[in-house]
Amino acid sequence: MSQTMNASTRPLLVELLTEELPPKALRKLGVAFAEGVRATLAARGLLAEGCSVQPYATPRRLAVRLSAVLAQAPDQEYAEKLMPVKIGLDADGKPTPALLKKLAAKGLEHIDAATLARESDGKQDVLVARGKAPGAALAAGLQEAIDAAIAGLPIPKVMSYQLADGQTTVKFVRPAHGLVALFGADIVPVATLGLIAGRKTLGHRFMSKGEIAIVDADSYATQLQDQGRVVADFDTRRALIKSQLDTHCATLAAGLGDDPEVDALLDEVTALVEYPTVYVGEFEAQFLDVPQECLILTMRLNQKYFPLFSLENGKLTNRFLIVSNMEVANPVNIIEGNQRVVRPRLADAQFFFVTDRKTPLAARVEQLGSIVYHNKLGSQLQRVERVRAIARGVAAALGADAQRADRAALLAKADLGTNMVGEFPELQGIMGAYYAQADGEPEDVVAALRGQYRNRMDTPVDAAGLTAAILFIAERAETLVGIWGIGLAPTGERDPYGLRRAALGLISAFEQLAAGGLLKVSENGPLTLAGVLDLAAATFDAGQIAPADLKNAVAEVSAFIYERYRNQLAAFDRAAVDAVIALTPPLHQVSARVRAVTAFGALPEAASLAAANKRVGNLLKKAEDGVADLDPARLTEPAEQALAKAIADLSPRAQAQFDAGDFAASLSTLAQAREPVDAFFADVMVMADDPAVRANRLALLAQLHGLMNKVADISRLAQ
260 MSQTMNASTR PLLVELLTEE LPPKALRKLG VAFAEGVRAT LAARGLLAEG
310 CSVQPYATPR RLAVRLSAVL AQAPDQEYAE KLMPVKIGLD ADGKPTPALL
360 KKLAAKGLEH IDAATLARES DGKQDVLVAR GKAPGAALAA GLQEAIDAAI
410 AGLPIPKVMS YQLADGQTTV KFVRPAHGLV ALFGADIVPV ATLGLIAGRK
460 TLGHRFMSKG EIAIVDADSY ATQLQDQGRV VADFDTRRAL IKSQLDTHCA
510 TLAAGLGDDP EVDALLDEVT ALVEYPTVYV GEFEAQFLDV PQECLILTMR
560 LNQKYFPLFS LENGKLTNRF LIVSNMEVAN PVNIIEGNQR VVRPRLADAQ
610 FFFVTDRKTP LAARVEQLGS IVYHNKLGSQ LQRVERVRAI ARGVAAALGA
660 DAQRADRAAL LAKADLGTNM VGEFPELQGI MGAYYAQADG EPEDVVAALR
710 GQYRNRMDTP VDAAGLTAAI LFIAERAETL VGIWGIGLAP TGERDPYGLR
760 RAALGLISAF EQLAAGGLLK VSENGPLTLA GVLDLAAATF DAGQIAPADL
810 KNAVAEVSAF IYERYRNQLA AFDRAAVDAV IALTPPLHQV SARVRAVTAF
860 GALPEAASLA AANKRVGNLL KKAEDGVADL DPARLTEPAE QALAKAIADL
910 SPRAQAQFDA GDFAASLSTL AQAREPVDAF FADVMVMADD PAVRANRLAL
960 LAQLHGLMNK VADISRLAQ
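With the sequence shown counted from 1, adding 259 to any position gets you my numbering.
These are computed hints drawn from the structure, not numbers from a lab.
Note that the Cβ used here is the ideal one computed from N, Cα and C, for glycine as well.
Careful, some of the hints might be misleading.
Said to hold, decoys possible - Derived pair list, reagent style EDC-like, types lysine to aspartate or glutamate, alpha-carbon separation capped at 16 Å:
id, residue 1, residue 2
1, Lys416, Glu278
2, Lys501, Glu527
3, Lys416, Glu279
4, Lys563, Glu541
5, Lys501, Asp485
6, Lys779, Glu586
Stated by the list, open to error - Pair ranges (Cβ atoms, derived):
id, residue 1, residue 2, range
7, Ile455, Thr428, 12 to 20 Å
8, Ile455, Asp371, 37 to 45 Å
9, Ser267, Ala498, 34 to 42 Å
Model the full structure from these sequences, guided by the hints.
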């Protein structure tokens, strides 16, 4: 039954019935369709205050319900600037033909020229027509809204298809078969994609009986669920599936796993069903001998099943949950059918695993020579040799086992030639680790292979994890320098080689080496970003990347990494981050320095010292012949003598604190220089006429500059 908000306001429903929509885009399509309709109606003044919007999206429909819509928008005041008075009116004040033509063109021919207002536009008087225009009618506004909503959909791929007349071709994400548009209980006369609006729609493809006549906009969701066996709201359907999954998990004492793929799969299956029902399936326990990642991937990716895991040990069980689009009294056929479908896929995975293990991983390295990495950078085997060289260099810098690092780099890409990775490219590295373990490779080498493709390192690196960290660093350094060197730096949103991800990965590696105590914030090394990039650059020959391009690539990659770090530290004060990044300090010190500068910025002395530091930097730029050594005998003014004494007293202490990695204490010591610095700039003319005096004062400021900028470029804190 229609619920009327007031005499002129009713709920509005629009539904577009289609063929099955792309599941991974369904939620976005539903939200975009609803927002497209809402935005246009709002712009036309057709939405009442407090109007709520409810989007609906199922595999076969996009719909929206708006709670409070007007039959006609309120009258709108208008002001139309027409033309200069001297052109629109003749000497007698009568309208000229030009004015009459203008009025007709704007649909204002009914207006008496004598009623036109005269207003100045700053240069001359112009004629302005003012009045009220009737607001938009709902039918016209909704037609515009539907057209705009369809045109603005984020459609992954548009289809072209012919309408029933056999001549007209339209474009949409999928063929559309029905249009419902109800204002309360009344049909709104709109059309789109060759469809004329009515009130009839279709329910579930298999569980509903014929057409459903929607009574009014408020009954839509209820009628679809009761008569059509369709849960129209995406979020309601998702919650229903999640509830059933959880119920089965509780019954079976199992879990769905905690990786992000579970939520992604839940979204996808929600977009595949209109009336979800969850059933339990199982497979033979013998398949559990296959690495569980293979089974999980084939069930989730190919079959859209939810694998179940033991609550005791987190291991995969031989049961899985099926989200079906059919609710039946006896689901045995559905369950057995799904089990028959998944069994051959699991058998394939088992066959691939058994077959792959017959060839040792190390024996597969040679075939990498026939796999192209990039036509300008050679084969995967050539890449492996570059990564090996970088890994040995990184291991030497960190005092790690270079042979283990070299072994990990040698085997890192060997699984590219396996059957399993050929079928499931997502398992690169993971399968290499399984095969390496079966071959008896050292545990740290196995761990390095398993972790090489993760986006970032997120736990502190200890001695046991050092080989993995070295391979992680070497692989990303080779990628960054090589791809950048051949001119494929990221542009805009395009980053096909994942260089942004590689940069963030390198940053995380340095952070976690510091967190594990293998890099100390009190030391600049032994491993540095510059050193790693130089190691990578040395592995490319002139036939691959010209020396000049390689040199530029190293510099640009370094700047790129620091810029990525700058963006990653967005949670901190921006000025503090900029002050630290400006010095491009060792990567493993950046976080500690930013925290110290943030604390310093809160001190009362910070603003004055930052402004002074900025002024000092500008003055030092004017030193045409460079800065000479300080001559204490030439310091005659009390203020410059006091500043020299403060620098002499504070510098050793600040340096010692800096050397110990106590950046906050070093900056706190700097804060004690505020009074002599302020007095110096108040009482002393730096750019004195006497060249010797001027040079000596600049030398004093150079010492002050050095004291101020140990931790960061403090001038960046100046407002």
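- prompt: If you draw a straight line from the CA of lysine 563 to the CA of glutamate 541, is it 16 Å or shorter?
  reply: This hinted pair holds, its Cα atoms lying about 14 Å apart.
- request: Assess, step by step, whether the Cα of lysine 779 is no farther than 16 Å from the Cα of glutamate 586, and give holds or violated.
  value: 61 Å, violated
- request: Take the C-alpha atoms of lysine 501 and glutamate 527, compute the straight-line distance between them, and say whether it is at most 16 Å.
  value: 12 Å, holds
message: Given the hint of 37 to 45 Å, is the C-beta distance from isoleucine 455 to aspartate 371 inside that range or not?
response: 42 Å, holds
Consistency of beta-carbon spacing, threonine 428 to isoleucine 455, with hint 12 to 20 Å: Since isoleucine 455 and threonine 428 have Cβ atoms about 18 Å apart, the given range 12 to 20 Å holds.
message: Please verify whether lysine 501 and aspartate 485 have alpha carbons no more than 16 Å apart.
response: 21 Å, violated
- prompt: When you check the alpha-carbon spacing of lysine 416 and glutamate 278, does it fall within 16 Å?
  reply: 14 Å, holds
- prompt: When you check the alpha-carbon spacing of lysine 416 and glutamate 279, does it fall within 16 Å?
  reply: With Cα atoms ~13 Å apart, lysine 416 and glutamate 279 stay inside 16 Å; holds.
- prompt: Does the Cβ pair serine 267, alanine 498 satisfy 34 to 42 Å?
  reply: 35 Å Cβ-Cβ, so the 34 to 42 Å window holds.
This entry does not satisfy hints 5 and 6, going by the numbered hints stated previously.
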